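Visitor: Chains as they are written, first to last, in the numbering used here: chain A, 1 to 244; chain B, 245 to 519; chain C, 520 to 795.
No wet-lab data here; the hints were simulated from the structure. Some clues are possibly wrong.
[What the hints assert, rightly or not] Computed list of lysine-lysine pairs in DSS-like fashion (alpha-carbon distance at most 27 Å, straight line):
hint, chain 1, residue 1, chain 2, residue 2
1, C, Lys585, B, Lys358
2, B, Lys358, C, Lys581
3, B, Lys392, C, Lys585
Model, not experiment: these values are computed from the prediction.
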Amino acid sequence: MKLRLENLRKSFGDTLVLDDISLDVAEGQMVCLIGASGSGKSTILRCINLLEPLDDGAIWLDGQDIAAPALDPQPIRQRIGIVFQSFNLFPHMTAAENVMLAPRRVHGKSRDALLPEVSALFERFGLGDRMDHYPDQLSGGQQQRVAIVRALAMNPEIMLFDEITSALDPELVGEVLEVLTTLKREGMTMILATHEMDFAQSVADHVCFLDRGRIIEQGHPDKIFDAPTQPRTQDFLSRVLRRR
Amino acid sequence: MSLRLSVASLGLIAGLAASPAIAAGDCAAGKTLEDGKLTIATGNPAYFPWVIDDAPEKGEGYEAAVAYAIAAEMGFAADDVVWVRAGFDESIQPGAKSFDFNLQQFSITPDREKVVDFSLPYYTSAMAVVTTQAVIDGGAAATLEGLKTLKWGADANTTAVPMLMDLVAPDSDPLLYNDNTDVTAAIQAGQIDAALFDLPTALYLAAVVVENGAILGQFPADRTDNPDQFGLLMEDGAAIKTCVDEAITALTASGKLAEIEATWLSETTGVPVIE
Amino acid sequence: MAGNQGGVTRRQEYEKRLRRRSLFVAASSTLAVLLAIVVLVPRAPGWERVQQSFFNAEVIAKTFPKLLNAFLLDVAIFAWSAPLIAVLGLAIALARDVRNPVLYPLRLFGIVYTDIFRGVPVVLVVYLIGFGIPGLGLPRPWNSPYIWGTLALVLTYAAYVAEIFRSGIESVHASQRNAALSLGLSGADAMRFVVLPQAIRRVIPAQMNMLIALQKDVALLSFIGPVEIFRQAGVFKSLLANFTPYVVAAAIFLVVTVPATRLADHLIAKQNRART
Ligand SMILES: Nc1ncnc2c1ncn2[C@@H]1O[C@H](COP(=O)(O)OP(=O)(O)OP(=O)(O)O)[C@@H](O)[C@H]1O
Ligand SMILES: [Mg+2]
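Next comes chain A alone, as it looks inside the complex (with noise of 0.2 Å):
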């Protein structure tokens, strides 16, 4: 296994958000994160990236625990990737220096020996000609798209996407799911917390459906989407299958 969640537990003050979460993620899969509001889907992922602290539990990254209270988190995260619902860009640079700052910094690279390996990864998810541009000055679709290629430029083993396509207007979150689909055609183990649920269907390996911090069910989307067992997952599946 690439990833294990082991009876992962987590509370914030009173109110329990995780409780017992175990999951394994294989290489190259995409697994789905499902669920209403709240759930704690992102609390999840952000636990994956030790932003979050577990109160309970083990993650075992390639056999080692890197939830393990007394491990730097930074060396980790280097391995990890994560891309939010609101982008979360540095305002203050332009994208290639958003693309950029982390490579510098922690690989040691200088701006000269990373631009061809960086001007490729813009070039590839069709930003080309918005190296130079500020955050500010692009779409939201775009803005994703830059965020995606930060977290990429790390060479990351596991992505981990945040409901990155919510913010979106309607018409840009296929290109940016696009992304997602190609990233799995390359073989990137992913995991997705999303509203989605065509895309999780079509092209997820795995769908875990969270209610109030618990995986109620999991499985293979067809099976999760075509024959539910659990009534809270039917009812969930109901509502936003109608919606749309």
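Using the hints provided, position chains B and C with the ligands relative to the given structure of chain A.
Guide: Okay, now just chains B and C with the ligands, sitting in the frame of chain A:
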């Protein structure tokens, strides 16, 4: 440098107060701020030995005693003297004044006289150098050459500043302060070696205020073209000026001023003269 | 640009008209007030005295060169204080921001420091440090009022500047820091490259005001000896029994601070324009 404090002879004050009042206002009638009263200003605080205990109304201290003597000479009873406090700035600002005259070692200068009126001088002071024993032990000598190399300080609001330039012309720019207290703090902190004051003030500071204070020497009043002469400060064109001047002339002639000086200002003859 | 071949759009025309009218209103009302002052004030019975005391041409001529010279000392003190204040202020702000529980004492120090130095009047700090520390028996030149007076200014202003920096740091959303950390940057790098550049930009107007305040408070060093412009003006005031030197000093200050304020506003406006 010992400071001999002459104890106030209360009799003197009582005598002044009781002296046969020439009907108040022969000369000053209608010319004072308030009829029948003489309003006198002094500093806040007023310093030793000019006013003892910052209480001018007791008539103790050289300037307090002079004030009552002048008042008596002008025909005011001691009870008719009203004390107020006013600084130099209030004395020179345009507009109505809160006093008939103000005395707090104001030096008479031609520049100031363009703006305010001064009485005839009531005291002519030598200037003296206040320092510490440590500076003297360090080799400071009471010669002009030796003085030039010292680090100097002075009260910025006094004529000690031009006097210092005139008498000593130090090698480095002097540091200037708001008042006596700050000058002595700087001496204490070793930031300046010496400061120039009028002799009575210097004697007091060296003996009482500055720890291990000492007087390096004095410049007698006749040393400069413009000796430090203290006058009563009045509004420009004050009607009362002639009466005040008459009183001072009379007090000088009668030896009264010298008597007050002997009572309140310590012996200055022992202070070495800077050659 | 809008408009066809140098032509003016309807909107531009309208705005131009509006601008012209408001300019006219502003100019004429200012003129009216000035006229009232120039005509009425000299008629006041005390005007001549006031003019003699505060706006005396003879005194201006006599004191201006020396005052200008003394002002150089103000400029010098400002020039060496301001960078020190910026550095210390930033350091204190960062100390107040440490998250590591092991470093809590540092954080506590930052809090106590800013509380104390913002609570005490600058003059008092100047006196205490300027006379107090040298009074402990330091030898010359280490007891210089310039050193300790500067320290007093630096300590006090750093407290205010630190609070402004801190408010700037806190105004940068936590998601920015998280984004930086998620890329594998260290906490220090996240602060240095992501949070601080944004924070500092946001507080430039406030810090500019601190600089202008500092430029004026530099004069407080005169309390412990240095003869800068206000002290020199005080000496002249005392010798000439005239307040004009203070007016001259104030005018010299204005000549520097007004353009500085204008420049600050201009830079901020420019930056805001560039952002949008
Ligand atoms: N920093 C925090 N402090 C306190 N509570 C938090 C914090 N972050 C999240 N929560 C709570 O944890 C629960 C799970 O939040 P989370 O953001 O993981 O949900 P989500 O499934 O991502 O929802 P959404 O679909 O709206 O993004 C919610 O009840 C939320 O209010
Ligand atoms: Mg979420």
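Visitor: Please go over all the hints and tell whether each is borne out by the structure.
Guide: Checked hints:
Between Lys585/C and Lys358/B the CA atoms are separated by roughly 22 Å; this keeps the pair inside 27 Å, and the hint holds. Between Lys358/B and Lys581/C the alpha-carbon distance is near 15 Å, which keeps this suggested pair within the 27 Å criterion. A hinted pair counts as satisfied when its Cα atoms are at most 27 Å apart, and Lys392/B with Lys585/C qualifies at roughly 22 Å.
Consistency with the previously given hints is maintained throughout, with no hint failing.
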